[in-house]
Every structure is written in C-alpha cells, then in structure tokens.
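> What follows is each chain in one-letter form.
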Amino acid sequence: MKRIALLGSALLVSAAVLSIHLVTAGGTGARSGRVAVAQTRAAPVGATVRGRVLSGLGKSPAKLELAASAPLAGSLVPVAVPSPDGVYVAYNTWRWRRDVDWYQSLSSQGIQTGDALGTPVLHVRSLGRGKDVALEPGTFSAAWRKDGALAYVRGEQPDYRANTPFLRQVVVRSAPDTAPAVWSSSPAEYHVLGWAGQALIVAQQFEGESISLLVFDGPGSARPLAQNASLVAISPDGSSALVDESPADTDAPALRLVSVTDATELARAPFSTIVDPATSTPVAWVSGPGDWLDDRVVASTSTGLVVLRVAGGRLSIEQVLHVDSATRPNGRLWEPRFADDGRTIVTWTDLPGAQAAQIVCDRFALTCTQGAAVPSANAPRPVYDESGGN
Amino acid sequence: MSTRSCSVLLAALIAMFAFAGEASATTNVFFAFHRYGNTNSYLTINLQDTNSGAIIGQRGFRAGSGTSTDECALRQGWLPAGWYDLRGHFDYYNGSLIKGRVWQLSDKRCNGGSGQLRSELFIHSEETSDEGQYCPTAYDDPFCWEGDSDYYSLGCIKVAHAQPYPSDVGRLDATWDSWDGRHGYFTGYSAVFVS
Numbered sequence: 001m002k003r004i005a006l007l008g009s010a011l012l013v014s015a016a017v018l019s020i021h022l023v024t025a026g027g028t029g030a031r032s033g034r035v036a037v038a039q040t041r042a043a044p045v046g047a048t049v050r051g052r053v054l055s056g057l058g059k060s061p062a063k064l065e066l067a068a069s070a071p072l073a074g075s076l077v078p079v080a081v082p083s084p085d086g087v088y089v090a091y092n093t094w095r096w097r098r099d100v101d102w103y104q105s106l107s108s109q110g111i112q113t114g115d116a117l118g119t120p121v122l123h124v125r126s127l128g129r130g131k132d133v134a135l136e137p138g139t140f141s142a143a144w145r146k147d148g149a150l151a152y153v154r155g156e157q158p159d160y161r162a163n164t165p166f167l168r169q170v171v172v173r174s175a176p177d178t179a180p181a182v183w184s185s186s187p188a189e190y191h192v193l194g195w196a197g198q199a200l201i202v203a204q205q206f207e208g209e210s211i212s213l214l215v216f217d218g219p220g221s222a223r224p225l226a227q228n229a230s231l232v233a234i235s236p237d238g239s240s241a242l243v244d245e246s247p248a249d250t251d252a253p254a255l256r257l258v259s260v261t262d263a264t265e266l267a268r269a270p271f272s273t274i275v276d277p278a279t280s281t282p283v284a285w286v287s288g289p290g291d292w293l294d295d296r297v298v299a300s301t302s303t304g305l306v307v308l309r310v311a312g313g314r315l316s317i318e319q320v321l322h323v324d325s326a327t328r329p330n331g332r333l334w335e336p337r338f339a340d341d342g343r344t345i346v347t348w349t350d351l352p353g354a355q356a357a358q359i360v361c362d363r364f365a366l367t368c369t370q371g372a373a374v375p376s377a378n379a380p381r382p383v384y385d386e387s388g389g390n
Numbered sequence: 391m392s393t394r395s396c397s398v399l400l401a402a403l404i405a406m407f408a409f410a411g412e413a414s415a416t417t418n419v420f421f422a423f424h425r426y427g428n429t430n431s432y433l434t435i436n437l438q439d440t441n442s443g444a445i446i447g448q449r450g451f452r453a454g455s456g457t458s459t460d461e462c463a464l465r466q467g468w469l470p471a472g473w474y475d476l477r478g479h480f481d482y483y484n485g486s487l488i489k490g491r492v493w494q495l496s497d498k499r500c501n502g503g504s505g506q507l508r509s510e511l512f513i514h515s516e517e518t519s520d521e522g523q524y525c526p527t528a529y530d531d532p533f534c535w536e537g538d539s540d541y542y543s544l545g546c547i548k549v550a551h552a553q554p555y556p557s558d559v560g561r562l563d564a565t566w567d568s569w570d571g572r573h574g575y576f577t578g579y580s581a582v583f584v585s
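Chains A and B, in that order, give the protein sequences.
Residue numbers for the first sequence follow the working numbering, beginning at 1 and rising by one.
Residue numbers for the second sequence follow the working numbering, beginning at 391 and rising by one.
Worth flagging that the hints you see were computed from the coordinates, not collected in a lab.
Honestly, I wouldn't trust all of these hints.
Said to hold, decoys possible - From the derived model, a few chain B residues whose C-beta atoms are all more than 10 Å from chain A:
hint, residue
1, Ala415
2, Ala422
3, Tyr432
4, Asn436
5, Gln438
6, Leu464
7, Tyr474
8, Asp481
9, Gly485
10, Glu510
11, Gly522
12, Tyr542
13, Gln553
14, Gly571
15, Arg572
As the list claims (entries may be wrong) - So the derived list for chain A, only partly shown, Cβ under 7 Å to chain B, looks like this:
hint, residue
16, Ser105
17, Gly208
18, Ser246
19, Ala248
20, Glu318
21, Pro329
22, Ala373
23, Ala377
Just so you know, even glycine gets a beta-carbon here, dropped at the ideal spot from N, CA and C.
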C-alpha cells in the first residue's frame, strides 16, 4: 500500500512537472516583469551582420565585399535580407563621397545644399559560391518574394545630395539576374518593407518624417494600407499586417491589425492597454520593425518589449517586458526577433560612446544577456526578411 | 538741431532699423534647442553680437520634439544633437502635413554620424497655412493646437499655437522678423544648436 502511495506521488509530481513544461513551452506561462540584464562575452546569436562580417547563415562567417549600411533607411528596414531558398543574401551598402562631421553643421564644412554626399548600392551575395554582385547605384531597401523575386528602391539619381529628398522608384526583379521592372508610377521617398504573398508593402515617407503604408499589387498599381502608420510585422501567411500609430499623430495611438487585401482594421490594441510592469503606467510608444512567429509578435516599446498574440482575428497582450536600459536616451531596443523556440528574443541596442551591443532575452526566465560592446558601425544587426505568405 | 543731435538721432535710427530688419553685419541670430523631454524641452532664439560673442537678446519657449529620446529613430526620435543650418523660413508654408510659420532645418545623421539620416525637419506648430486653426473634430486634428500632447512630433521641433495670443509660434516669428527678417529659402549658417 505504501509502495502504491509512493508510486502515485511520483506520478503526480511527474505529471505536474510535465504540465508546467507544457504550459511554459506553449507560452501561456509567460509573465510580464522587469528583466535582469547580465554581461556576456559570448558570440552574437542568430543570423547577424556586423559591418562586413556575415554570420549565422553558413558554416562559417563570411566577409562581405563592403560593410552593410543603410543610413537612408536606418532601422526601418533590415540591413541584410536572406532569400527564402537560402541561396542569396541581399545587403545594403553605402559609399560616402567625403568625410562629414555630423555633429557640425554642413555649411561649416563647405557643404552646400545639393552637394553629392554618398551613394547607396544594394548587393546580392551568393552564399554558396561567395559571388557578390552590385546592383544599380542608388539602390537599397530589399525584400524577397517566396518565388525569388527581389523588390527594392532605386534613386532617380544615384547619389544622396545634402538637404535634398532622395526620390526613388520601387522596382522588382523576378530573379536577381533579370532586368528590374518599375512598379511605382512616380518617384517618392519609398522604403520596401516586405512581401505579403504577391502584394508588396511599401512605406512612403513625407516631410517631417511622416510615414504611410502602401500596397503594390503590380506595376503602377498602388493602394493605401495605413495612413500615418509604420509596419511592425507581416503575418506568416501574408494576409494581414500589424502597424503602429504615433502619439504625435493621434491622441489614442494603437497597434492596428489590418487586412492586406482591403486595408480593413481587424483588431487594435491601444498603447494605453500595454502597461509596463515596473512602473504600472502605459508605454508611450510601440514600434517596429518587430517579428511575427506563428501567432505571436514581438515589438519594441518605450520601456522594453511587448509580446502580442494574434489568434482568431483578435489581438491580445501576452507579455510586457521592462528593460531599464531601454528607457535611457538612445537606449531603445532595435529589431527584436524571436529565436525558433519562441522563448528567446534577440535584439540590439545603441550604447553610449557610439557603440552597440546585442541583447538576448529568455522571456520566460525574465533574464537577458548583453554582448560585447562594438562600434556602432559594426552593430550586430539581424539578417531577416519581414515578408510573409506564398 | 545740432550736428551732434543729428548724429545721435541717425545712430538711433540705424540701430532701430538694424533690429527691425535682417540681422546686421554685427549681429547673428541663432536658435538653441535644449532637450529635456519629448514634450517639455526649451527653445531659445538668440541675438548675438558677432564682435564680442555676447548674447544681447534672447527669448525662450517651451517646445517638444519626437515621441522617444532615441535620436536615431526615424519618425519617432527627438532631434539629433549638434549644429544645423537653417534652410529657410516661411510664414505661410503649405506642405501636406506641416503648415504656417516654419523654419526648415538641414539634414543630420544621428548619434554623431553613425546611424539614421534624419531629414526634412522643421521648427513649426500646429496651424493652417494662413496661420489659423482648423479643429473640425473632437480628436487630435493636425492643424489645431489642442493641448500639451501636441508638443509630440515625429522628429521636428514644435512650439505652441495656444491662447493667449500672440501664441508662442507668433512671438517666435515676430522675434525672428525683428532680429533677422529673412523669408524664403536661404542658408542660415550654423543657425540651430541642439543639445
């Protein structure tokens, strides 16, 4: 009888452990809280590009022809984008025409409005053979369609000129080695964000850095997706997109889930409902680019990170993480990405002294590690494509 | 009227016109934007004696910039630190999203030159192209100053168009007209400092 009782107790304990494990693996065990950040000297996690070093996509790190850099797009788009078949990576490069001390005024350095300062050039590198091809001068901001088509923007002129909007067209190549077709009907300040199936989601920037989102269904066929909003992520099936509003544009900013097909709003999560667990106050902003894995989305907030759940056309807040460093000036967390387990979040941040570091968080344990500080030019930026759908 | 009296009167008139019109050869007008928070920073317009470097006139206004304090965040971060040129000043600017009394700033790469290029930024308010107010809804209208949340911007510096009139943007513009007076496109060399 005693043996039976012991066996029963053991089974109960095993069942309890198993159930805890299952709950945690399912993510329902995720809780909001302040995360502790420890320093580490470990190598960066995941597919990253740091200046000229591309790692995490092959057996060993590769050295790119030029450093990955996209000052016109910043962190609105990935600096390097892998093709869906894993054969290529498209990456942004930039050549300055002259040295500029950006802390000083341009005029004090003899730079006048209209002077050519630099040139963006998109490169496509074959991961297997190492062959590196530069596309047209004036190109940047790429996304791959599932069938291997490559979308990007191409400047009307190749050079960025001081104090002059860099106007560009949206172009698409059916394959990297085919001729580009122009999809936009007139030049503007476009950023290619990602494919949603056969539709291409593009941001258009206006004066004062306002952004609206468009959908291109083909050459000359653009329609609005969301006004005064920026992209957080595209659903894995390409049917919807999560976009963020700015507190500068509305007194009730929210995350909005919109249909790519007809731009209707499917769900919304006001920022006022995303409450920081350390301060018990709503976050001031939520912003992309983030990551959408299965039915979860991670995005950056004014005090750290938020994980949302998208299920049945509903948007719910699963977890709010407070990261002290994210609240400092220039301390926000950039481009958060889920690792395959859905439990690990990989992001990066700027540090004082023009430096940057990768941050890797275990969102169940509420712990993060911060990697070694490197110069900002070599910030460990993730290699990814926001595109979804077939 | 003695010669001496005439000279004094002439000097007074010259001084008056110098301050009523464009900045004279011996004065310089510049803005200083001190970043404390997205909605509670401070903007000063300064009249400087170029010979001595002394600030001989200054007016200050509450101002805002961005919705976050990360100067590298496009559409979000406050204005990056450093010196800017002025690209022009307009009383009746009629852009799609920015209207009325504006001062346009030069481009700036953030974080001392390591990150995002910020561009097409202004000092402005929320008003119509004819310096009025358009408040058709009970919500946040883009050309209507409803309150303190209007200090938020996507990156520009914003000053209030709020009663009592003249509003801050009105007083800033009047001060500019009095001390400098240029309108249209021009280059104001190193005319804005952000700290």
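> Just to be careful: measuring from the Cβ of Ser105(A) to every Cβ in chain B, is the smallest value less than 7 Å?
holds, 4 Å
> Against chain A, does Gln553(B) keep a CB gap of more than 10 Å to every residue?
At roughly 19 Å from the nearest Cβ of chain A, Gln553(B) sits farther out than 10 Å, so the non-interface label holds.
> For Gly485(B), is the shortest CB-to-CB distance to chain A above 10 Å, so the non-interface label stands?
violated, 5 Å
> For the hint on Pro329(A), does the least C-beta distance to chain B fall short of 7 Å?
holds, 4 Å
> Tell me if the interface restraint on Ala248(A) is satisfied: Cβ within less than 7 Å of some Cβ in chain B.
With a minimum Cβ separation of about 4 Å from chain B (threshold 7 Å), the hint on Ala248(A) holds.
> With d taken as the least Cβ-Cβ distance between Gly571(B) and chain A, does d exceed 10 Å?
At roughly 20 Å from the nearest Cβ of chain A, Gly571(B) sits farther out than 10 Å, so the non-interface label holds.
> Confirm or reject the statement that Asp481(B) sits farther than 10 Å, beta carbon to beta carbon, from all of chain A.
holds, 17 Å
> Should the hint that Glu318(A) touches chain B count as held when the rule is a Cβ pair under 7 Å?
violated, 23 Å
> Beyond 10 Å from chain A, beta-carbon-wise, is Ala422(B)?
holds, 13 Å
> Compute the least Cβ-Cβ separation between Gly522(B) and chain A, then decide whether it is above 10 Å.
Since the minimum Cβ distance to chain A is about 19 Å, Gly522(B) lies beyond 10 Å and the statement holds.
> Restraint: Ala377(A) near chain B, CB-CB cut 7 Å. Satisfied or not?
holds, 6 Å
> Just want to verify: Tyr474(B) was marked as not at the interface with chain A; is every Cβ pair farther apart than 10 Å?
Per Cβ check, Tyr474(B) is inside 10 Å of chain A; nearest 6 Å; violated.
Hint check: violations occur at hints 6, 7, 9, 10, 12, 20 and 22; the rest are consistent with the structure.
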